[in-house]
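Number of protein chains: 4
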Amino acid sequence: MAGYTHLFVPGPTNVPETVRQAMNMPMEDMRALDYPLLVNGLFTDLMKVYRNETGRAFIFPSSGTGAWEAAIANTLNPGDRVLMSRFGQFSLLWVDMAQRFGLDVDVIDAEWGTGVPVEIYAERLAADKEHRIKAVFVTHNETTTGVTSDVAAVRAALDAAKHPALLFVDGVSSIASIDFRQEEWGVDCAVSGSQKGFMLPPGLAFLSVSQKALAANKQAKQPRTYFSFEDMIRANDTGYFPYTPAVQLLRGMRAALDLLLDEGLDNVYARHHRLAEGVRAAVSAWGLQICAKEEKWNSDTVSAIYVPEGIDSADIVRRAYQGYQTSLGVGLNKVAGKVFRIGHIGWINEVMMCSALAATEMSLLDCGVKIRAGSGVGAAVEYYSQAAKPAVAKAA
Amino acid sequence: MAGYTHLFVPGPTNVPETVRQAMNMPMEDMRALDYPLLVNGLFTDLMKVYRNETGRAFIFPSSGTGAWEAAIANTLNPGDRVLMSRFGQFSLLWVDMAQRFGLDVDVIDAEWGTGVPVEIYAERLAADKEHRIKAVFVTHNETTTGVTSDVAAVRAALDAAKHPALLFVDGVSSIASIDFRQEEWGVDCAVSGSQKGFMLPPGLAFLSVSQKALAANKQAKQPRTYFSFEDMIRANDTGYFPYTPAVQLLRGMRAALDLLLDEGLDNVYARHHRLAEGVRAAVSAWGLQICAKEEKWNSDTVSAIYVPEGIDSADIVRRAYQGYQTSLGVGLNKVAGKVFRIGHIGWINEVMMCSALAATEMSLLDCGVKIRAGSGVGAAVEYYSQAAKPAVAKAA
Amino acid sequence: MAGYTHLFVPGPTNVPETVRQAMNMPMEDMRALDYPLLVNGLFTDLMKVYRNETGRAFIFPSSGTGAWEAAIANTLNPGDRVLMSRFGQFSLLWVDMAQRFGLDVDVIDAEWGTGVPVEIYAERLAADKEHRIKAVFVTHNETTTGVTSDVAAVRAALDAAKHPALLFVDGVSSIASIDFRQEEWGVDCAVSGSQKGFMLPPGLAFLSVSQKALAANKQAKQPRTYFSFEDMIRANDTGYFPYTPAVQLLRGMRAALDLLLDEGLDNVYARHHRLAEGVRAAVSAWGLQICAKEEKWNSDTVSAIYVPEGIDSADIVRRAYQGYQTSLGVGLNKVAGKVFRIGHIGWINEVMMCSALAATEMSLLDCGVKIRAGSGVGAAVEYYSQAAKPAVAKAA
Amino acid sequence: MAGYTHLFVPGPTNVPETVRQAMNMPMEDMRALDYPLLVNGLFTDLMKVYRNETGRAFIFPSSGTGAWEAAIANTLNPGDRVLMSRFGQFSLLWVDMAQRFGLDVDVIDAEWGTGVPVEIYAERLAADKEHRIKAVFVTHNETTTGVTSDVAAVRAALDAAKHPALLFVDGVSSIASIDFRQEEWGVDCAVSGSQKGFMLPPGLAFLSVSQKALAANKQAKQPRTYFSFEDMIRANDTGYFPYTPAVQLLRGMRAALDLLLDEGLDNVYARHHRLAEGVRAAVSAWGLQICAKEEKWNSDTVSAIYVPEGIDSADIVRRAYQGYQTSLGVGLNKVAGKVFRIGHIGWINEVMMCSALAATEMSLLDCGVKIRAGSGVGAAVEYYSQAAKPAVAKAA
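Residue numbers (our numbering), protein chains in the order written: chain Z, 1 to 396; chain V, 1 to 396; chain F, 1 to 396; chain L, 1 to 396.
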């Protein structure tokens, strides 16, 4: 097949050229004398991306799932009561993991297409006078449905109840793409992974924690070695790792952090919002619906789009892949067959989004969905052109 | 700037990933014992792409301009009369070179937007009873205006006149993209370069010649070393080169030839035609005109598009580059300011073309050209989806 | 600093050019329709390298430490008695992990410079009539001291005692470099990592298991998600993974497995032995000693070399790195300051080993160790030239 | 074959990792608005490497042979008398080219193993009262024999004779490696290529000229297009090129110039001298002879080494390549079969040179040359260790 492939799944995301160049390297000794120069800088800048000022961060050679596990195994004990909600495949899997680790999970099932039910969380926290709840879990961005939850509101609920529970956030598909403020929001364990907003290949999990989480670590009894905070801290404090780190990815990470900080986090967030708005304009123009029930749930990193009755969304995804070398996201679990997903996260720009929309249009047409050719791309083109006006004026 | 850049100039073209991988290599000795294994295969397969069965091919470490020079310096002598035509920047430059080399050039100026005036060529050839004309030059694809000329018709004119002149073809932006048949058309010197249909970085010039050209070489008196046929032949016959070849590009060339021959030349030509048709559909939908005066001149590798009166086409190109990380071609010489160009040559597919069209739409809108957003991309989407129908049916 | 760096730590090892090329890639969707084509082939060929015919293999995005953990967490329960031995930093860490996971570890401390004390293992197994021992652990190659243990002999001891305990092998620095036969030796859990004999960057852990280990998995109660066999099996059986795999490394792994199988495992082992013998000849010529107490313990993947009294081995390593861009291995734990290590594992050849020896000679001389310049390299040159004789004769 | 290949031909030389990373890039438009930022910087820094302060430089997409041709075609006319000398394959080829271009060449044949006969040049210049000699040619470093000539002495001879002839220097295997001072020595045309001291793949020729050469250009009548100064100057003055430049190499060139200027030219020259001295110490220790007749002719970039009577040097080169994945240089022309060559030019360091010497020792032994194993490497090890002493002392 000729021409580049087009990757619009919500992870792995497109890797910037400078990151790719940085990873095109011979191997190196992770015990080298000057290796701490690299390592220390990575932690410093990773903390900046998390806006974590007083805690510390961990880098595990694993997927984001590993950081979920690290957070639980290092700060909680079997039998601990935790408050979780479930409204998509990833929040569901996190609940499953918590249960496997013996936590006493108070699960609230919310409608798919909505996010963390802050009001219910607030009630439970207010009611928990004895502070039996040890941790509250928030899936910041549910990748299945394209729904973003309000972390700040959960923090407000905790504060209102004067509740000491830890606040856990799954930021795998939000951090480095959507506004995230660990310090301001008092997030104790914030999980992310390399292959989303961090624009790296998969293989690194990030976990940024507060001092409160580090204190909880001292009481945690789960067996742990690979994901042990203590082992990591001891080694990281000297600029090294307790076992062989993924050296190639760490060099790529250096380049990726440089890109994020050079662009500026607020500009990164604004870009993601602008690109997402274009996609949502296209969906409207097609006469289709996104999964998010209300505007406040809209995700700026991924859109899950319902296909009309009688159409299997998996056919759209298959057609895009086979006919147009374009990877879109399939529907998972409850929304399998019903939605397909367009990732708009990471190293992307307006023209790339238009190509995703054009590929989608061709696939929809090929599969018999009645849309007007060009309507979606046109809506995005118009939106992006309008959004770009100030820059044009300034350049003039 | 975030996201990939988008390259739609008519060369350098996008390099396939396997070519890029092949060029990611340590240096090697071009005098190695087994180097001829690489070299011989390159010549064999290069000849296949040219559809040259009885002649031979040359690979120079230079741009395509070098192969123009090699063709002239190795087969003609100062004072030789040649028949050329001029209808764009590249045909113009070739005339200039011929004049510098002391050829007696009979130049026919054709309207820009048309190609080689075959009828006039036929007349001149018929009139040249004494066979003073030693060579006839054809710019197969004039990149300035997006015009393809009819090489077969020029051959027919030569045959009709029973004229022994050599036939020179500039195929820089046609060979490996547009139907080209050296043997069948009796082309004596066919020039191309690595950075167009061959999908390589610039740095290699290809020149494929007939036995008749090789015979002419024996009479040619121009001083030559770098571009000498004789030196090349002597070395190439042993599997080596007379001076250090561009070894990195030769490894890339191996991968590129594999891609071309695996796809199949006829499929490559069909793909270029399909992609070009989509672009032309978009131009029509915008209400704009391409430079080619008649359908028969339409180029399947590049379209030059007129902007409306009062608009400077250079602004469109600047806006696409600065606002949308997209490289379009500027207007050159007579059509500077009047046309911009979209390259649809090389390693491209439908979705890439849609991204070029979307970038163009945004740039046109930003510069005040009145088009309906989505109209051009929509026309292409519709065309490509229709064109893809048979594949969908077959897959079902 | 000019010139290539020289990497002779026992991991990460040098990455072959074809592997590096394969990893120079854009990201891809790990849920793509055709992704199982890649995944299934990886498992098939990974099993071939392990010589595991009836079990199955796992690929975790982690370091080798993760596969240690996966083996324990998936097949054993807290309180289970296991037989382990300790004679270097890595066997020591594995004991520590087993203890953290609540196993009842019968630890035998052997002298550093020796390996698994098979006779003592045999006694303990013979004495354990009630089969309280659930698993026997073998560090196949102790990277700290350059000592290889006899896995087949441990299997023989188990068989002689008709003991049903599981046999665990840490093959991180042996598998794909030193003779390893999972099926023949009845190894139940064999751990390895990407950055040693597999010639990949760090980031993948391999665990190849027997049917007996899979049966034990059904009784294992440790909480597990990231390293869960069950989750992996369910996903792997469809050609996918339960969470995002390290896609870039998997493409590199394809290239690395091709290299191993093309060279032939027996040839790979013979090459490692030949290269190691040259290093040992050099050490003798210098008048120094390796850590391995007897020839039978000699490791073909790493040599730990004692420096004379009064010399700090860390100075040798520092000098090699700062003065000669060469990474040697430091001494760890009990042998810190006393030994330095030369890795001779992975993508290496005779000339590379000579460069390691030359760098070592210069560093020894610079640090005041009295050796004759050229003595070590000369011994290796002589050995390699002799070893190469048959090939020369054959070529003649 | 396992392990890295080892490249010690006198070009192409080893490419630094940062250069390789820089060339791992998507294609780009050489007419982009901001392309002059790259181009202008390249010319500025190229002039620094040449130590050319008042002239200008050219970058041609060609091999070094192309720059030879550019120098002649742009500044001399057929019939012009020039003074040249011939003492190796490359000086011989340059004479041949000059003759093909119709120059009236006064050729002085010097013994192979010596360089430019300055005394004879001085005589001829002094005798040429009418200034019929238009140019004097110096092959600064004859790669065939490993001989460096004294450019400054030729300049002195010109000055002593108050002779206005142009001074041409072939610096292909010297510039950026051996002391070269265009301004100070009054060199009018200095030729080089990318694949030697510039540490790039082959594909670029550099030509740095004086104002005097530019003045001569105005009188030169040879037909020229590809290598035309005038066309280049017109385009370069705007930050562009007259035809498509080798964009991938230009990005690599940026990285290579950064490396050269960061290391500092004097340090680069000192490194080449140090490395060369180690090689010469090894040759002595083997009891062999280099081609250079006297110490003053010793080249710091390549050593040509005589094999004993009865040995074919081509066998050594073949054995090194087939048995040890090491590329050495063959003997050319008069010294074919008699010498082999070790390149010590470009991106190299002490350990790399030791690996070249070890590969050579093994190959010599395999081919029956009686040397003591380790003697050559040992001599180099000792020399390099001594040479490194100041650095060790300083670090202590």
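It should be emphasised that the hints constitute simulated quantities derived from the structure, not laboratory data.
Take these hints with a grain of salt, some might be off.
Stated by the list, open to error - Here are the simulated BS3-like cross-link-like pairs (lysine-lysine), alpha carbons at most 25 Å apart as the crow flies:
1) L:K221 to V:K221
2) F:K221 to Z:K221
3) L:K296 to L:K334
4) F:K129 to F:K48
Unchecked claim - Here are a few chain L residues that sit away from chain V, every Cβ distance over 10 Å (derived from the structure):
5) R20
6) E119
7) E184
8) P201
9) A387
Every value quoted in this text rests on a predicted model; they were computed, and no experiment measured them.
C-beta: ideal position from N, C-alpha, C; glycine also.
Hints, one by one, checked against the model:
{"no.": "1", "hint": "L:K221 to V:K221", "verdict": "holds, 16 Å"}
{"no.": "2", "hint": "F:K221 to Z:K221", "verdict": "holds, 16 Å"}
{"no.": "3", "hint": "L:K296 to L:K334", "verdict": "holds, 22 Å"}
{"no.": "4", "hint": "F:K129 to F:K48", "verdict": "violated, 35 Å"}
{"no.": "5", "hint": "R20", "verdict": "violated, 7 Å"}
{"no.": "6", "hint": "E119", "verdict": "holds, 30 Å"}
{"no.": "7", "hint": "E184", "verdict": "holds, 29 Å"}
{"no.": "8", "hint": "P201", "verdict": "violated, 4 Å"}
{"no.": "9", "hint": "A387", "verdict": "holds, 27 Å"}
Of the numbered hints given earlier, the model fails hints 4, 5, 8; all others are met.
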